[in-house]
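Asks: Heads up: the sequence lines are chains A and B, in that order.
The first sequence lines up with residues 1 to 336 when you count with this note's numbering.
The second sequence lines up with residues 1 to 549 when you count with this note's numbering.
Be careful, since some hints might not be right.
[As the list claims (entries may be wrong)] DEER-style ranges, computed between Cβ atoms:
#, chain 1, residue 1, chain 2, residue 2, range
1, A, Leu23, B, Thr263, 22 to 28 Å
2, A, Arg147, B, Pro28, 26 to 32 Å
3, B, Leu82, A, Tyr306, 32 to 38 Å
4, A, Arg147, B, Ala531, 23 to 29 Å
5, B, Gly431, A, Leu116, 41 to 47 Å
6, A, Leu146, B, Asn79, 52 to 58 Å
7, A, Leu116, B, Ser66, 48 to 54 Å
8, A, Leu116, B, Phe397, 31 to 37 Å
9, B, Val405, A, Phe105, 57 to 63 Å
[As the list claims (entries may be wrong)] The list that follows gives simulated cross-link-like pairs (lysine-lysine, DSS-like), each with its CA atoms no further than 30 Å apart:
#, chain 1, residue 1, chain 2, residue 2
10, A, Lys236, B, Lys166
11, B, Lys221, A, Lys236
12, B, Lys349, A, Lys301
13, A, Lys301, A, Lys236
[Said to hold, decoys possible] Below, a sample of chain B positions facing chain A; criterion: calculated Cβ distance under 10 Å:
#, residue
14, Ile57
15, Gln64
16, Asp68
17, Val455
18, Gly480
19, Gly513
20, Thr514
Calculated directly from the structure, the hints in this document are not laboratory data.
Quick caveat: nothing in here was measured; it's all calculated off a predicted structure.
Think of the CB as a built atom: it goes at the ideal place given N, C-alpha and C, for glycine as much as any other residue.
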Amino acid sequence: MTDPQLALASDIAIWAGLAVLALALISFSAHLAVTGAARQGRSDDTVPQPTALLVRTGTGTEGSATFPDAAPTSAALEPPAVDHPAGVTRRWGVLGMQLTWLATFAVLAGTLMRGLSVQRWPLGNMYEFAIVAASFALVVFCTWSLRQDRLWLGPFVVLPVMVVLVAGKIWYTEASQLMPALDNTMWLTIHVTLATLSVALFVIGAALAVTYLLRDAAERKSRVRGWLAALPQGDKLEAMTYGMHIFAFPLWTFTLITGAIWAEVAWGRYWGWDPKEVWTFVIWVVYAAYLHSRATSSWTKRQATYVALTGMLCVIINYTVVNLLITGLHSYSGVA
Amino acid sequence: MPDTQTPQRIEPTYPKDRTTMGGPRLGPLGWARWGWRQLTSMRTAILLLLLLAVAAIPGSLFPQRSVDPVRVRAFVEDNPGLAPWLDRLFLFDVFSSPWFASIYLLLMVSLVGCIVPRTAQHARALRSEPPRAPRRLSRLPALAEATVPGAPEGVLAAARDVLAAKGYRLSRAGTGDRSVTGEKGYLKETGNLIFHLAMLGVIVAFAAGHLLGWRGEIIIKEGQSWTAGPASFDTLNLGPLASTDDIPTFTVQLDRLDVAFETQTEGAQFGQPRRFDGLATVDIPGRDPEQQQFAVNHPVSVGGDSIFLLGNGYAPVVTVRDPDGQVLYSEAVTFLPQDNNYASEGAIKVTGRDPGLGLVGGFLPTLRLDPELGMTSSFPGLGDPALALTAFEGDLFADGRPQSVFTIDTEQMTQMTDADGAPVAMLLRPGEYFELPDGTTVEFEGVIRWAGLLVRHDPGRMPALALALAAAAGLTLMLGVRHRRIYVRIDPADLTPVGASRVVVTVGGLPKGTDPALQGVVDDVLGRITATAPPPPQPPTRGSDEDTP
Ligand code: HEM
Chain A
1 MTDPQLALAS DIAIWAGLAV LALALISFSA HLAVTGAARQ GRSDDTVPQP
51 TALLVRTGTG TEGSATFPDA APTSAALEPP AVDHPAGVTR RWGVLGMQLT
101 WLATFAVLAG TLMRGLSVQR WPLGNMYEFA IVAASFALVV FCTWSLRQDR
151 LWLGPFVVLP VMVVLVAGKI WYTEASQLMP ALDNTMWLTI HVTLATLSVA
201 LFVIGAALAV TYLLRDAAER KSRVRGWLAA LPQGDKLEAM TYGMHIFAFP
251 LWTFTLITGA IWAEVAWGRY WGWDPKEVWT FVIWVVYAAY LHSRATSSWT
301 KRQATYVALT GMLCVIINYT VVNLLITGLH SYSGVA
Chain B
1 MPDTQTPQRI EPTYPKDRTT MGGPRLGPLG WARWGWRQLT SMRTAILLLL
51 LLAVAAIPGS LFPQRSVDPV RVRAFVEDNP GLAPWLDRLF LFDVFSSPWF
101 ASIYLLLMVS LVGCIVPRTA QHARALRSEP PRAPRRLSRL PALAEATVPG
151 APEGVLAAAR DVLAAKGYRL SRAGTGDRSV TGEKGYLKET GNLIFHLAML
201 GVIVAFAAGH LLGWRGEIII KEGQSWTAGP ASFDTLNLGP LASTDDIPTF
251 TVQLDRLDVA FETQTEGAQF GQPRRFDGLA TVDIPGRDPE QQQFAVNHPV
301 SVGGDSIFLL GNGYAPVVTV RDPDGQVLYS EAVTFLPQDN NYASEGAIKV
351 TGRDPGLGLV GGFLPTLRLD PELGMTSSFP GLGDPALALT AFEGDLFADG
401 RPQSVFTIDT EQMTQMTDAD GAPVAMLLRP GEYFELPDGT TVEFEGVIRW
451 AGLLVRHDPG RMPALALALA AAAGLTLMLG VRHRRIYVRI DPADLTPVGA
501 SRVVVTVGGL PKGTDPALQG VVDDVLGRIT ATAPPPPQPP TRGSDEDTP
């Protein structure tokens with residue numbers, strides 16, 4: 001019941017998406033270099049603004065009675081983006097964004113055709129997991145960039161997405177039907193969709209965490225140079241990192257719960273400490289520890305961010321080591 | 001009242017970091033309280049969470065008895081030096097080990113110690129009104145200010161209306177007041193408490209399921225019917241607090257079992273199972289027998305419990321006759337699959353013959369003669385079924401020791417040989433038979449399938465589900481709701497021309513936790529206040545601006 005033509009078209013679309021993403025990565029990097037150099041040259045002092053702005057005077061302080069009717073929702077979770085230095089070309093960044101959109105459509109089309117070729121949701125093996133997660137990450141990044149200037153984040157999203165797609169290609173699985181334990185359309189769809197979506201958000205969160213750590217390290221040494229100068233301030237990056245994780249964490253919680261429901265239906269026990277279940281749990285606990293360390297004053301924001309990156313490490317282990325090397329009930333990688 | 005030092009966050013009135021409260025010179029009680037505070041501190045909670053994550057990892061690296069006892073046995077055989085040490089450290093039973101238990105028990109205690117004071121605190125906060133605004137708002141993390149025409153009382157009333165309309169709870173109005181506080185987002189803390197309480201409940205429900213539940217496994221062949229009961233399972237695991245009286249009696253007949261395998265795709269997916277389903281008739285005393293369809297993801301329901309289809313395999317039907325043609329044995333024999341292509345192993349024990357006859361060997365659903373591996377199966381479906389057996393003679397049940405039905409204990413037996421002294425070996429296709437040197441015949445009549453069924457009773461599962469959903473709802477509230485305090489202060493404008501009434505409106509916001517959107521909210525509140533504040537009275541008179549539009 002699989003359609004080899006469609007499966008082939010899907011493979012080609014994913015390869016094309018990968019190629020376009022490589023170009024987008026180059027453009028975005030050029031954008032960071034150009035913007036960073038310009039901003040660094042402009043504010044010749046290497047000392048950035050103090051990171052902790054204790055008193056902020058809002059836009060309404062001018063004293064007039066005219067106020068922008070700031071819709072609070074549009075500002076929700078969105079600290080102001082970096083203002084672009086005037087007179088400096090944004091061409092590279094915009095090109096990168098356009099290429100990313102193109103790649104997004106290619107990857108989405110590839111994912112869709114894969115699903116059509118096997119006449120089910122394309123969520124049945126490692127390869128399909130990779131292309132769906134990549135689609136989610138790209139769609140989230142693209143739509144997020146519609147609202148705010150996110151050109152600076154481009155390389156940090158595009159690169160991990162490329163890694164995910166390449167990993168998918170390495171552990172490629174022929175288009176085919178599912179093994180019976182996975183063949184439960186409702187729970188398969190809900191559980192794995194949630195898993196891929198939250199992994200996509202965790203990946204973007206980790207990308208933000210890395211930018212924060214790099215930028216913050218430079219700020220502490222008062223040496224914000226080169227492309228680092230093109231990033232927003234450290235505390236804003238940190239707030240965005242947190243914002244991404246508080247979306248991803250509840251989604252992962254739902255992943256865990258729906259997985260348990262499915263396990264109950266399929267194997268007669270909702271939790272049995274199968275290796276995959278162990279790692280789902282480990283990831284959840286590590287990110288809970290991140291949220292706790294973020295909420296207490298006995299941990300610094302930097303330390304908390306390292307906990308978040310540990311969570312990402314666990315996600316990666318879960319996808320690679322646990323799928324490929326550890327045998328358990330969840331042996332669905334499809335790799336021989 | 002903090003006048004000079006405005007806090008940057010809404011601080012809970014209990015100390016978050018309770019480790020700092022322990023002083024020197026403590027008595028036993030003091031130490032106990034210090035220890036309790038340590039245990040229930042956030043720092044300890046984080047440590048315990050990280051520890052729990054690390055402690056779970058070995059459970060995925062080593063085979064676990066609770067998950068796959070067969071693999072544990074194989075691992076122990078392969079690593080005779082290492083395995084006893086691992087076992088001493090409970091590394092084959094990580095999730096029931098004392099060290100894993102101590103981590104989560106400490107976490108539960110910490111959780112209780114955390115929830116109880118917080119719940120009391122939250123109940124108090126829900127009943128009290130927001131505190132009054134600090135004198136200086138300029139230290140707040142979000143601030144906006146504007147000069148608007150109007151009298152102080154009128155603008156203040158407008159500010160109260162704006163905050164109330166946005167759902168803020170307001171500080172009480174007092175005479176001569178020049179400020180108002182609005183607070184919103186109590187649901188965040190409610191969500192937090194629900195989440196942590198429900199987490200506690202999930203752990204309790206999980207434990208209860210293990211203590212009170214049971215699981216039994218049974219293999220049934222096609223056409224066979226089986227009656228449940230404490231003694232009739234192949235294996236039965238009772239929870240420590242469960243009793244055999246809890247096991248209901250019912251009868252299940254396996255009417256049909258269908259299995260299909262991938263034949264279209266090449267490569268690793270070829271031969272992968274694609275479909276297991278079947279029909280079973282369930283007969284519960286006092287009810288009409290009911291035929292149910294079942295599959296891997298669709299358990300058969302029996303009263304409150306469920307029967308799950310976990311495994312399947314082949315059962316060759318073998319008939320053994322003595323030299324006179326008398327039937328000594330005729331049964332469908334369960335063979336256990338050893339690989340993905342269902343190359344299976346099994347044993348036939350013919351006790352009705354003297355001496356006892358034991359036949360061991362393999363069943364291959366699609367026989368392939370591999371030059372190196374010998375007889376293998378190349379596909380899990382019945383392409384070219386073959387039964388390969390060798391024969392032993394002697395005492396089948398030496399010393400009456402219990403033994404597996406899938407192997408033969410050959411200690412007290414000798415392998416049968418033919419006239420040339422070579423071991424007897426037979427390779428049979430369905431319908432074929434083999435004659436042993438003494439004239440006994442072994443006939444391979446055909447193949448049927450068997451299903452491995454699991455009957456499970458877990459009284460904790462529905463409570464666990466309900467509590468997990470409550471936890472998820474609480475989590476959504478805790479992370480989705482913003483807890484904010486908004487202060488509005490009205491001051492007379494300095495450079496007011498005589499007679500004209502103008503005031504400075506200052507709006508300050510105090511977040512709980514990270515709140516990048518707070519400035520937007522503060523700006524919005526100020527915008528609304530200036531938009532709804534009463535217009536300046538045309539003839540500058542005082543006192544006529546009581547009513548707000
Ligand atoms: C089963 C283990 C636990 C899990 C999974 C868990 C999970 C969480 C999560 C996800 C948050 C949200 C953090 C945020 O607002 O960003 C949180 C908050 C919190 N947890 Fe836990 N928690 C656990 C145990 C504990 C324990 C033992 C304590 C007591 C010491 C505790 C105290 C708190 C407090 C005080 C907050 C609020 C932090 C704030 O918003 O200021 N938790 N918890």
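Asks: For each hint, tell me whether it holds in the structure or not.
Replies: Evaluated hints:
The hinted range of 22 to 28 Å is not satisfied by Leu23(A) and Thr263(B), whose Cβ atoms lie roughly 41 Å apart. Range check, Arg147(A) to Pro28(B): about 60 Å between beta-carbon atoms, so the 26 to 32 Å window is missed. The given range of 32 to 38 Å is respected by Leu82(B) and Tyr306(A), whose C-beta atoms sit roughly 33 Å from each other. Between Arg147(A) and Ala531(B), the C-beta spacing of about 25 Å keeps the proposed range 23 to 29 Å intact.
The beta-carbon spacing between Gly431(B) and Leu116(A), approximately 45 Å, falls within the hinted interval of 41 to 47 Å. Checked against the hint of 52 to 58 Å, the pair Leu146(A) and Asn79(B) passes, with Cβ atoms roughly 56 Å apart. One distance hint, 48 to 54 Å for the beta-carbon pair Leu116(A) and Ser66(B), is violated here, with the actual separation near 41 Å. Checked against the hint of 31 to 37 Å, the C-beta distance between Leu116(A) and Phe397(B) comes to roughly 59 Å, which is inconsistent with it.
Between Val405(B) and Phe105(A) the CB atoms are about 59 Å apart, so this pair conforms to the stated range of 57 to 63 Å. For the proposed pair Lys236(A) and Lys166(B), the alpha carbon gap of about 27 Å is at most 30 Å, so the pair holds. Of the pairs offered as hints, the one joining Lys221(B) and Lys236(A) is violated, with about 65 Å between alpha carbons and a cut-off of 30 Å exceeded. About 69 Å separates the Cα atoms of Lys349(B) and Lys301(A), which puts this hinted pair outside 30 Å; it is violated.
In summary, the hint linking Lys301(A) to Lys236(A) is supported, as the alpha carbons are separated by about 12 Å, within the 30 Å threshold. Interface hint at Ile57(B): satisfied, since its Cβ lies 6 Å from the closest Cβ of chain A, which is below the 10 Å cut-off. Checking Gln64(B) against chain A: minimum C-beta separation of about 6 Å stays under 10 Å; hint holds. The criterion of a C-beta within 10 Å of any C-beta in chain A is met by Asp68(B), whose closest approach is roughly 8 Å, and the hint holds.
Using the Cβ-Cβ criterion of 10 Å, the hint placing Val455(B) at the interface with chain A is satisfied: the shortest such distance is roughly 8 Å. The restraint placing Gly480(B) at the interface with chain A holds, with a minimum CB-CB distance near 8 Å, inside the 10 Å limit. The closest approach between the C-beta of Gly513(B) and any C-beta of chain A is roughly 6 Å, which is under the 10 Å cut-off, so the hint is satisfied. Annotation: Thr514(B) was flagged as interfacial toward chain A, and the flag holds, the nearest CB pair being 5 Å apart, inside 10 Å.
Violated hints for the displayed structure, listed by number in ascending order: 1, 2, 7, 8, 11 and 12.
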